[in-house]
Amino acid sequence: MEFGAMIKFYRTQKGMTQGELAKGICSVPHLSKIENNSKEANEETIALLLERLNISMEEVEENEEQIKFLLREFSSHINFFLTEKVEQTFQKLQEIEHLIPFSKYIYMWELYKYRYLLFKGLLDEAVQKRDHLQKQKKNFSQHEDYLFRYYNAVFLILKGQYRQADEILEMLYMENEHDTTSGEFYYHLALIKTSLEQSGYAIHFGKMALQIFMSEYNFIRILHTLMLLGINYTHSNILEEAESCFQHLIRNAEILQEESLLPQIFHNMGNLQQKMGNSKKALYYFEKSLAIQPAQNQDYLVTLYVIGELHYSLHSDEKARECFQEVYTLAKKFGIKKLWLLAEFYLLYITAPAKGLKFLETRVIPYLEESNEHADYLFLFYKKLADFYNQEGKAAEAVKYLSKITE
Amino acid sequence: MKKLAVLLVSISLVFIFTTNKGVEAPKTTDTAAVNSVQSIPILPPVG
Chain Z
1 MEFGAMIKFY RTQKGMTQGE LAKGICSVPH LSKIENNSKE ANEETIALLL
51 ERLNISMEEV EENEEQIKFL LREFSSHINF FLTEKVEQTF QKLQEIEHLI
101 PFSKYIYMWE LYKYRYLLFK GLLDEAVQKR DHLQKQKKNF SQHEDYLFRY
151 YNAVFLILKG QYRQADEILE MLYMENEHDT TSGEFYYHLA LIKTSLEQSG
201 YAIHFGKMAL QIFMSEYNFI RILHTLMLLG INYTHSNILE EAESCFQHLI
251 RNAEILQEES LLPQIFHNMG NLQQKMGNSK KALYYFEKSL AIQPAQNQDY
301 LVTLYVIGEL HYSLHSDEKA RECFQEVYTL AKKFGIKKLW LLAEFYLLYI
351 TAPAKGLKFL ETRVIPYLEE SNEHADYLFL FYKKLADFYN QEGKAAEAVK
401 YLSKITE
Chain W
1001 MKKLAVLLVS ISLVFIFTTN KGVEAPKTTD TAAVNSVQSI PILPPVG
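From first to last, the protein sequence lines stand for chains Z and W. Everything in the first sequence is counted per the numbering used here, starting at 1 for the first residue and increasing by one. Everything in the second sequence is counted per the numbering used here, starting at 1001 for the first residue and increasing by one.
Since the hints were derived computationally from the structure, they do not count as laboratory data. Among the hints, a few may not be true.
Covered stretches of chain Z (chain W as the covering partner; in silico rule of three or more C-beta atoms under 8 Å from a C-beta of chain W) [what the hints assert, rightly or not]: (1) 150–158; (2) 260–269; (3) 291–305.
As the structure is a computational prediction, the values presented were derived from the model and not from experiment. Every residue gets a Cβ at the ideal spot worked out from N, C-alpha and C, and that includes glycine.
Taking the hints into account, I'd like the entire structure generated from these sequences.
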């Protein structure tokens, strides 16, 4: 406990001068040094000063315990993804915020405020908090420094900057000699690897996260991890495992009152069915997902786009066109460039294939190559262009795109 | 003369071993990935 700062705080709050407080207890310069923490006062002096301020030592110790308890609770609620409890505990902490600077948890509280903003997805405010913490970094303990770097990685995940996030987590993982008991850490690592389409690693870390979450009976995070595993099993063609993950999710999301996950589960189940060659079943799951999604968010657009592609592959051009038209309009409105480019490509391609392919070559492919993601999509489009040039008898162009596939 | 012959043989052997690595096998890619409609997953919450 920082007694000096606390004495100064209450003395000022009560409108007392240093002379009034110190009278008969210690000299004014001595009190001044105590308040500035430049001198260790003995317990007796502290007790007398607190008594004059009407604060009991017991109360001070209770406050410290309370802060410690609430911070632990807060961290635990985040790990268990208990959204409402996170909110309640954060509010309780805010109520005693004025006491925290006198405790040893001052930086921890600031770090947890950063974590709270990330949990709530308030990225603009999180940037401010991060910059503020950056200035305090030199004062952090080893554990606080670890948390700061870890939270920065979470921030990057939320911003979609997976490579940078991956670098930080890999570094932390190495520093800890590949040993952590945090399911959250493995979960975030698996999430990054999924986004980078490194399914092997994603499955490895996902399983480690699952093991820890299961030992903690962390049911919500178990669902989230199963979803990651299902996605990566699908990507790696381990289809039976993927199907059992999604079936388990569909059964348990309702039991655990996590219905908000259902649209995502149905969408990913649709992907799996598509990969298994069951187009009708895939369409059923995608449409089921779309029906319960709040319209006009990014997930809705992704599902609608995939339905468009599926209709196109089933030769239902008119239905495909309707989907792509809606995706194009909404994606433009929200500024989601990848989806509007892809939708525009299909709209052109359905009516005039040659025009569509030109657009693919000049607009879509450069964008996807630059964004350095969705290698699978690039393969599909390279193949499309190679086939087109092959039919046209333009061997050099065809070879160019085929060689891009094997690069 | 004999030394020169040995030297020439060594140089040519080094040359052969360093240049004749053979044609690298093309990297394979998932054939399903180039032939089918792609999947875009929806990820669970970051938290």
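Going down the list of hints, with the structure as the test:
1. 150–158: holds (count 3)
2. 260–269: holds (count 5)
3. 291–305: With 4 residues closer than 8 Å to chain W, the segment 291–305 of chain Z meets the three-residue bar; holds.
Every hint from the earlier list agrees with this structure, and none is contradicted.
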